[in-house]
Amino acid sequence: MFNILWLQSGGCGGCSMSLLNAESPDVMTRFKSANINMLWHPSLSEASADEFVTLLNDILADTIPLHALCLEGSVMRGPNGTGRFHMLAGTGKSMMIWLEELAKKAHYTVAIGSCAAFGGITSAGSNPGDACGLQYEGRERGGLLGADWQSTHQFPVINIAGCPTHPDWVTDMLSQLAMGDLTLSHLDELNRPRAYTDHLVHHGCARNEYYEYKASAEVLGDMGCMMEHKGCIGTQARADCNIRPWNGKGSCLDGGYPCINCTAPEFEEPRKSFTETPKIAGIPVGLPTDMPKAWFVALASLSKAATPQRLKDNATAKKITTPPGSKTS
Amino acid sequence: MTRKLLGPFNRVEGDLEVEVEITDDVVSKAWVNSPLYRGFEQILQGKPPLDALTYTPRICGICSVSQSIACANAIADAQGITLDTKPVNGQLVTNLILACENLADHLTHFYLFFMPDFAREAYQGKSWHAEIAERFRAQTGTATISMLKARAEFMHITGILAGKWPHSLSLQPGGTTTSASSANKVELLAILMSFRQFLESQLFADQLENISTLENDDALKRWMELHPQSDFAQFLQVADDLKLDQLGQIPANLMSYGAYDFQHKALFPQGIWTSGAMHSLQTDLIKEDISHSWMLSQNGPKHPFQGNTQPDPEQADGYSWCKAPRYDKGVLEVGALARQTIAEHPLALDLVKNHQSNVRNRVITRLLELARILPEMESWVRQINPEQTFCHTLPIPDEAEGQGLVEAARGSLGHWVRIRNGRILNYQIIAPTTWNFSPRDKDNIPGALEQALLGTPIDEGDEGGEGGKDSIAIQHIVRSFDPCMVCTVH
Chain A
1 MFNILWLQSG GCGGCSMSLL NAESPDVMTR FKSANINMLW HPSLSEASAD EFVTLLNDIL
61 ADTIPLHALC LEGSVMRGPN GTGRFHMLAG TGKSMMIWLE ELAKKAHYTV AIGSCAAFGG
121 ITSAGSNPGD ACGLQYEGRE RGGLLGADWQ STHQFPVINI AGCPTHPDWV TDMLSQLAMG
181 DLTLSHLDEL NRPRAYTDHL VHHGCARNEY YEYKASAEVL GDMGCMMEHK GCIGTQARAD
241 CNIRPWNGKG SCLDGGYPCI NCTAPEFEEP RKSFTETPKI AGIPVGLPTD MPKAWFVALA
301 SLSKAATPQR LKDNATAKKI TTPPGSKTS
Chain B
330 MTRKLLGPFN RVEGDLEVEV EITDDVVSKA WVNSPLYRGF EQILQGKPPL DALTYTPRIC
390 GICSVSQSIA CANAIADAQG ITLDTKPVNG QLVTNLILAC ENLADHLTHF YLFFMPDFAR
450 EAYQGKSWHA EIAERFRAQT GTATISMLKA RAEFMHITGI LAGKWPHSLS LQPGGTTTSA
510 SSANKVELLA ILMSFRQFLE SQLFADQLEN ISTLENDDAL KRWMELHPQS DFAQFLQVAD
570 DLKLDQLGQI PANLMSYGAY DFQHKALFPQ GIWTSGAMHS LQTDLIKEDI SHSWMLSQNG
630 PKHPFQGNTQ PDPEQADGYS WCKAPRYDKG VLEVGALARQ TIAEHPLALD LVKNHQSNVR
690 NRVITRLLEL ARILPEMESW VRQINPEQTF CHTLPIPDEA EGQGLVEAAR GSLGHWVRIR
750 NGRILNYQII APTTWNFSPR DKDNIPGALE QALLGTPIDE GDEGGEGGKD SIAIQHIVRS
810 FDPCMVCTVH
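Those sequence lines, one after another, are chains A and B. Under this note's numbering, the residues of the first sequence are numbered 1 to 329, in order. Under this note's numbering, the residues of the second sequence are numbered 330 to 819, in order.
To be clear, the hints were calculated from the coordinates, so they are not data collected in a lab. Idealized CB from N, CA, C, for every residue including glycine. Fair warning: there could be bad hints in the mix.
Only some residues are given here: those of chain A computed to face chain B with a beta carbon under 10 Å [said to hold, decoys possible]: (1) G11; (2) G81; (3) T82; (4) G129; (5) C163; (6) P292; (7) W295; (8) F296; (9) A298.
Let's have the full structure, built from the sequences with the hints guiding it.
So, in C-alpha cells, the structure goes:
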C-alpha cells in the first residue's frame, strides 16, 4: 500500500472538489487500482479531531510510513513569520511547523495546485498572509522548505500546478508515484508533471482557426480568438486543458473566457487586467511561446490580410452566423 | 467543570476548532474558532473591478459559483444593471450553473460529509449500524462510488455552461459568456434526467414530486415507512433513534437573500424569519461586529460598505479570525432550512413550528431542495431561447458602489464593493458560515453554532479514545450546518 496524507492550508479546497470530478473511473476506483491508501483526506476520511492528531503523531514517530505528503493551499507564514494565520485546529501549532516536520518523513512531497506550488491566488496583491509555496515563492525557488530541499526519496517538491488542478493531473501523478515509475525526467523546469505541461493550452483550442487568421473576439463570449484583445495567454500557458476536457467537455476557452495561465507561478498578478491584452503600437505584448517576434508580426499581418469573410463574421458573434462553404477543392 | 479543545473537524470545507466548557457532562459554553486567515478583502483593494470576477470564485472551491455570482451581482449593482435589464437567457443559465453547484454540494454534504459519522464504531451497538456502515462508511461505503459518478456526470452542466467547475469566469454582471445552443439544451436535459434517475432510485426511491409535495412531518414519517430502503429514509430512521430533532436545537431565527431570480421574481423569496413571523429583508440592518475577532478594533459594528479588514492577532478579546455579522443586533441562521422556511414550504414550516432549528431539520430541508430544484432546472433549460442574447456588456463606472447577494448551498452570501477612480476602494464579504459560525459580539451574545452546542451531552471523563466517541454529538451538530470555513473568513 502507498500511504498518502493530504493536508489543506491557505487555499480554497477547490483542488479537492475538482478531484471528486474524476470520471471513468471515479477517484476511489483510480486510487484502488494504484494500491493507494488515503491515510487521511479532509473531505473523504472518517477520522476527526483526536484521531487525526494521533495519526500525525504516529507518522512523526515513524509508526506509520508516509509515502506521499500532499499539501493543498499555500503555506501561511504570516503574521511576522509566526504562522498564526493558520494554526492547525486542536493542536496549538501552526500548519507551517506541522508541514516542516511531516515533510521530513515523506518519501515524496506533492504540492496540489498553484497555491501549494508557488503561493498562488492567496499570495496576490499585498500578500497579506505572507503566503508561499512548499518550495517556491512565485518564480523564486525557496518557499517553506528551501531551494535545495529533497524528500527522503531524493525528489524536490512535485508541483501539480493549476487553479484548480484537473482531476486527472492529480490521480495520474499520485498513481505514477505509487507504482514507483516517476523519474526526474518526468518533471519540467518548475517540477511540474510534464504529462500535462509538455502541452500548451493553445493545443486543441476550438478557436485555433480564428487564431490562425487573427480573427478576434471583441467582448467575452464572442467566438473569435481572445489573444489580441481579451487577455488570453493560452499560447504561452503550459497545460493540456483543450486536449483533456474539464467536466465532461469544457475548458475556459470553451466557456467563453480567456486562459489566465493558472499553472504558472505569479499568474495571480498579471500586472494588467485578466481579460485585457496590453499592446505596444497595436501589437499584443506577450508572444506565443517559442515564436520569434519578427516572424509573429509578419505572419500576423499576412494572415490578417487573408482572413476569410466567414471568420470575420463569426469572430464577433456568439454562435456561427456564417457556416463553412461546401466547395471541397 | 472542564474545558476541552476539539479539532480539526474534517468533512467540513476548511479548518475548524471548537472549544467547549463542560459542566455535569453537558456543554455549558462553546467558542467557535475559524483558524485560517487569507485576506481576500485586502488582496482586492486597488484591483480593476472586473478582475474581482477572477479572484473571488477562488475564495472557495465548493461555493465557487456562488462567490462568482455575488461578485457579478455587486458589480452589476454598481453599473445599474437590474433584473429588468439582464437578458432572460443570462438569468436562466446563471440559475442553472448555481443550481448545479448547490445541488452537487447538498449531495456531497449528505453522502460524503454527514452520513459517514453514523458508520462510526461508537454506534456499533445500534440495530441500524451494520446497514448504515455498509452504505455510508467513509471511502468504502457502497454509496460513495455511485454518488461520485452521479455527481461528476451532473457537473457536466458546468462543463457545457461554465467551461469548468470550480473557478469559472463565465458568470458576468450582464449575463453569461456561454450561449446555449439547441443541441446544448438536448444534452442538458439528458444530464438532468440521468441525475433525476439517481435521486429517484437511490436517495429517495420515489419520484421527486412526491418529496417536494410532502405537507408536514407526519406525512414525511408515513413516507419513510413506505420507502425504508431509500437513503433519505435510512437517515430519518437514524434521526428518530438518536433524537436528532432534539440535537443542536436553537430558536429558528432565519435569513434568506432569495434564490434563483427569474423574470422579476425569485423562486425562493428573500426575507427574515424571527420568533415565528416573517419580515422583509433590509440589508442596511446588517452590521459586522469584531469585538471577539482577531481584527484591529474599530468604532462599533459596521455595515459592510463602511467595514474594513485589518487582522490583529494580539486583539485581547479575540478568539477567531471570523467577524460576527448581526442583523438588527440579532443572531441569524442561514442555509436550506432558512430558505425553505422563508419560501413557506409547508414541510419546512411544520418542522420549524415543531422543533425550531435542529440537526434533523437542517438535513431534511437540504434534501427537500434537491427534490424541489431539479424539476425547476428542467424547466429553465426548456425556456432558453438560443436565438436571443445571453449577456449585455456595460462600462464600469469610475465611482460607484454595489451590493451583490446570492444564496449559496449553505446560505446567504453577500459582497459589497466600493469603486473609486475605476479601481476597487473597498471590498467586503459576508459568507453563510460567517453567520452560522460567528464568534460572540460586543454584548457577548454567541453565534448560531455556539448556541446550538449548548446542552450537548459529552463525557467529561473520556479523553477521546477510539472513534472520537465523546465528541460525536458535537460532530453531528457542526456538520448539520454544512460549514464552509474557507468562505467564513476568506
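Hint-by-hint comparison with the structure:
1. The closest approach between the C-beta of A/G11 and any C-beta of chain B is roughly 7 Å, which is under the 10 Å cut-off, so the hint is satisfied.
2. Because the smallest distance between the Cβ of A/G81 and any Cβ of chain B comes to about 12 Å, over 10 Å, the interface hint for this residue is violated.
3. Interface hint status for A/T82: upheld, as the beta-carbon distance to the closest one in chain B is roughly 8 Å, under 10 Å.
4. Because the closest C-beta pair between A/G129 and chain B is about 5 Å apart, less than 10 Å, the hint holds.
5. For A/C163, the interface hint holds, the least distance from its beta-carbon to any beta-carbon of chain B being 6 Å, beneath 10 Å.
6. Checking A/P292 against chain B by beta carbon gives a least distance of about 31 Å; that is not within 10 Å, so the hint is violated.
7. For the restraint placing A/W295 at the interface with chain B, the shortest Cβ-Cβ distance is roughly 31 Å, beyond the 10 Å limit, so the hint is violated.
8. Look at A/F296: its Cβ only gets to about 26 Å from chain B, farther than 10 Å, so that hint breaks.
9. Residue-level restraint check for A/A298 is violated (minimum Cβ-Cβ distance to chain B is 32 Å; threshold 10 Å).
Consistency with the previously given hints fails for numbers 2, 6, 7, 8, 9, ordered from lowest to highest.
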